[in-house]
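Taken in order, these protein sequences are the chains called A and B. If you count by this note's numbering, then the first sequence holds residues 1 to 405, one letter each, in order. If you count by this note's numbering, then the second sequence holds residues 1 to 405, one letter each, in order.
Since the hints were derived computationally from the structure, they do not count as laboratory data. Honestly, I wouldn't trust all of these hints.
Note that identical chains are pooled: a pair holds if it fits in a single copy or bridges any two copies.
What the hints assert, rightly or not - No more than 30 Å apart at the CA atoms, straight line, and that leaves these computed lysine-lysine pairs for DSSO-like:
#, residue 1, residue 2
1, K328, K168
2, K252, K394
3, K180, K252
4, K168, K180
5, K252, K40
6, K40, K394
7, K180, K394
8, K40, K180
9, K77, K394
10, K40, K77
11, K394, K328
12, K252, K168
13, K394, K168
14, K328, K252
There are 2 protein chains.
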Amino acid sequence: MFDRARELDAADPLASYRDRFVLPDDTIYLDGNSLGCLPKDTPARIAEVVAHEWGRDLIGSWNTADWIVMPQRIGGKIAPLIGAAPHEVIACDTVSVNLFKLIAAALTMQPGRTVVLSEPGNFPTDLYMIEGLERQGLAQRRLAERDRIAEALDGDVALLLLTHTHYKTGEVFDMAELTKAAHAAGALVLWDLSHSVGAMPVDLDGCGADFAVGCGYKYLNGGPGAPAFAYVAQRHHDALAQPLTGWMGHAKPFEFLDDYTPAPGTDRLLCGTPPILGLSALEVGVDLIAEIGVGRLHEKSQALSEFFRECLADRGIDLDLVSPDDPKRRGSHLSFAHENAYALSQALIARGVIGDFRDPDILRLGFAPAYLRFEDMAEAARHLAEVLETGEWKRAEFSERSAVT
Amino acid sequence: MFDRARELDAADPLASYRDRFVLPDDTIYLDGNSLGCLPKDTPARIAEVVAHEWGRDLIGSWNTADWIVMPQRIGGKIAPLIGAAPHEVIACDTVSVNLFKLIAAALTMQPGRTVVLSEPGNFPTDLYMIEGLERQGLAQRRLAERDRIAEALDGDVALLLLTHTHYKTGEVFDMAELTKAAHAAGALVLWDLSHSVGAMPVDLDGCGADFAVGCGYKYLNGGPGAPAFAYVAQRHHDALAQPLTGWMGHAKPFEFLDDYTPAPGTDRLLCGTPPILGLSALEVGVDLIAEIGVGRLHEKSQALSEFFRECLADRGIDLDLVSPDDPKRRGSHLSFAHENAYALSQALIARGVIGDFRDPDILRLGFAPAYLRFEDMAEAARHLAEVLETGEWKRAEFSERSAVT
């Protein structure tokens with residue numbers, strides 16, 4: 001399969017973008033869905049922000065370096081990746097904090113309804129942030145398996161909160177269909193795009209979505225703990241109200257008034273002072289993904305993961321795929337169930353193939369299309385096959401779990 | 001006064017620390033209370049985090065570079081600056097978001113009481129975050145002028161929320177006395193230390209304080225929009241409950257469970273994924289301030305501002321000081337009321353003396369003791385005197401206000 005891999009790489013229109021990222025030697029990085037790689041432009045940009053904007057120009061950079069509009073500017077750049085208008089998206093805080101704001105905002109818009117519907121096994125922070133509002137007495141969390149969501153959408157449901165691409169299985173919800181079903185039941189919809197944005201086109205406006213959040217440090221390559229983003233459909237801007245009413249979301253923050261008046265539109269989602277270092281790194285990642293284009297990235301993502309499966313099949317490896325078989329129904333990672341998934345993932349890491357493990361039994365391999373080659377697929381499949389054939393994953397050092405996986 | 005200034009600088013035990021900061025040429029930076037200067041060690045540290053920890057070691061750095069414990073490690077380093085035990089402090093999110101968590105936590109601990117008492121003119125985000133909980137129906141905001149706070153502490157007050165050093169006047173509350181008064185009324189106390197931490201010793205544990213928050217980008221020199229911190233007294237750790245229940249505050253985040261169980265103590269204040277770039281810069285600033293020592297910084301801070309006033313007096317300048325006359329009763333900045341404060345501040349900036357303006361009529365000059373010289377005081381006083389004497393502040397370019405001031 002290596003010859004075939006080299007042919008595919010030679011024909012890959014995105015092949016040259018690999019050189020725009022730092023990729024460690026002797027490593028096949030299949031964890032860009034957890035922490036994206038470092039764009040080569042990022043170190044110089046960060047050094048400039050630190051040395052000149054902060055070090056030399058100091059407080060003046062809020063104006064002269066336009067720090068003050070970074071949340072809006074970067075949000076506006078993320079917008080076309082997710083089918084939104086620029087003013088519908090703002091970069092700020094974390095996915096978790098933005099979930100809280102938007103769940104609370106949705107509840108405020110839905111008098112008489114308190115249920116927030118999601119699915120068991122959704123990414124934990126999504127479920128926990130509903131619980132936070134539940135403990136405040138403002139929400140009731142309801143969980144329904146994904147094939148029972150439609151019937152769980154009754155007249156009590158204020159908001160349907162789903163993760164577009166599942167963090168573990170990679171399965172993608174039909175955004176248009178579920179948004180329509182929720183609206184038919186009088187519910188609003190909040191989409192968590194953390195495992196979608198930057199790896200595939202998303203069409204929030206086209207699907208009539210109400211709210212969305214997403215992560216900056218996965219396929220957007222914004223760096224560890226990068227700021228997140230939030231989306232609110234234009235039609236909700238006037239009614240938008242959220243409880244984290246910090247000074248940067250005020251209509252006139254520099255008048256230092258005692259009473260809060262919300263800024264227009266998504267600006268009112270701002271809370272504290274924007275994190276300039278994190279936003280600066282995020283912007284480089286977003287610019288690069290926008291330059292490559294999410295349509296092309298999606299095509300390559302599907303081709304990579306399908307080729308990886310071919311390589312496994314070619315070696316006679318038949319692992320239990322828990323991701324959808326159809327690449328159109330999944331995101332940019334593949335998950336396999338294996339009773340020794342943790343030890344397998346550690347044995348692969350020892351060989352320089354970085355994937356990850358998700359409790360209780362999932363080996364998750366991500367195929368970030370911006371910087372991976374088809375040759376990497378063939379090589380990763382070879383390592384996985386050898387790890388399984390030699391049984392080296394049974395060695396003691398691979399089976400003891402570390403704190404963070 | 002320049003001779004006297006040089007004598008004072010020669011005798012200053014902190015003089016050598018100036019060289020540990022980047023200070024722009026031809027600038028006297030009197031705004032370290034808004035954005036602290038860049039420590040010289042920061043660029044290399046950030047470059048290392050970006051190039052090696054992120055770029056080379058990627059996802060593994062959560063373990064190998066100890067990213068996962070940065071909030072606790074940096075919190076532990078801030079702790080001795082504010083009279084706290086290491087496990088009582090955690091670095092995370094923004095001041096605004098941390099205010100929300102701790103106001104909500106206090107309300108949960110005070111069944112039957114819903115009033116959050118503060119003062120009019122407190123820093124706006126403090127007041128607005130109370131309003132956020134008020135709009136959720138969980139709090140009632142009550143404002144009392146600072147000389148009427150004691151009498152406003154009735155049986156309805158769940159929490160007294162005050163900023164230790166006032167952002168505008170610089171006046172410092174008596175933390176011990178007001179904490180005692182609040183407790184006598186059955187109220188808890190939350191101190192905002194944003195304009196105190198790093199410029200003076202604070203003794204939260206000694207005063208019996210309940211909660212505190214503080215800013216990383218002022219006297220801690222953590223960089224623009226640096227992460228903030230939160231403090232919770234040990235005695236409240238078991239009862240601590242806050243609504244921003246994100247995955248990083250879970251007892252077992254990497255088991256990815258559907259239901260939230262809080263992590264021990266202040267760890268449960270974590271919400272989303274920690275911002276590693278921002279935390280890395282913050283740590284350098286905290287390490288440097290801890291090395292210098294807040295006791296010595298406080299002494300120099302008082303000496304600097306008193307010397308500045310002497311220099312003004314020596315030039316026959318009599319401005320309307322709105323800060324307390326006694327340096328023991330104020331923080332590390334001086335504020336002067338002047339009907340043309342904005343134009344004055346702009347005229348000073350044009351001369352390289354960077355202070356700031358606060359609505360409606362305040363010229364605010366900060367004296368960050370870690371990197372300012374007595375000579376800077378004499379020079380700043382000379383510029384201010386000349387600006388006033390020449391009337392150059394009346395020129396049109398100085399009177400038109402920009403968006404951020």
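To see whether the hints hold, each was checked on the structure:
With identical chains, the CA atoms of K328 and K168 are at most 30 Å apart within one copy only, with a shortest distance of 16 Å there and 57 Å across copies. For the identical chains of this complex, K252 and K394 are inter-copy neighbours only, at 26 Å across copies versus 62 Å inside a copy, given an alpha-carbon limit of 30 Å. Neither within a single protomer nor between protomers do K180 and K252 lie at most 30 Å apart by alpha-carbon distance, with minima of 37 Å and 36 Å respectively. Taking the shortest Cα distances, K168 and K180 sit within 30 Å of each other inside one copy (25 Å), while across copies they are farther apart (51 Å).
Proximity of K252 and K40 under a CA criterion of 30 Å is satisfied in neither setting, with 38 Å inside one chain copy and 35 Å between copies. Proximity of K40 to K394 under the C-alpha cut-off of 30 Å is found in neither arrangement, the shortest distances being 38 Å within a copy and 48 Å between copies. For the homomeric pair K180 and K394, neither the shortest alpha-carbon distance inside one copy (48 Å) nor that between copies (61 Å) is at most 30 Å. For a Cα distance limit of 30 Å, the shortest separation of K40 from K180 qualifies neither inside one copy, at 41 Å, nor across copies, at 55 Å.
In this assembly of identical chains, the alpha carbons of K77 and K394 never lie at most 30 Å apart, being 47 Å within a copy and 41 Å across copies at closest. For the homomeric pair K40 and K77, the shortest alpha-carbon distance inside one copy (19 Å) is at most 30 Å, but the shortest distance between copies (33 Å) is not. Taking identical chains as interchangeable, the C-alpha atoms of K394 and K328 are never at most 30 Å apart, the minima being 35 Å within one chain and 66 Å between chains. In this assembly of identical chains, the alpha carbons of K252 and K168 lie at most 30 Å apart only when taken from different copies (17 Å versus 43 Å within one copy).
In this assembly of identical chains, K394 and K168 lie within 30 Å of each other by CA distance solely inside one copy; the values are 24 Å within and 64 Å between copies. For the identical chains of this complex, K328 and K252 are neighbours neither inside a copy (46 Å) nor across copies (33 Å), given an alpha-carbon limit of 30 Å.
Of the numbered hints listed earlier, those contradicted by the structure are 3, 5, 6, 7, 8, 9, 11 and 14.
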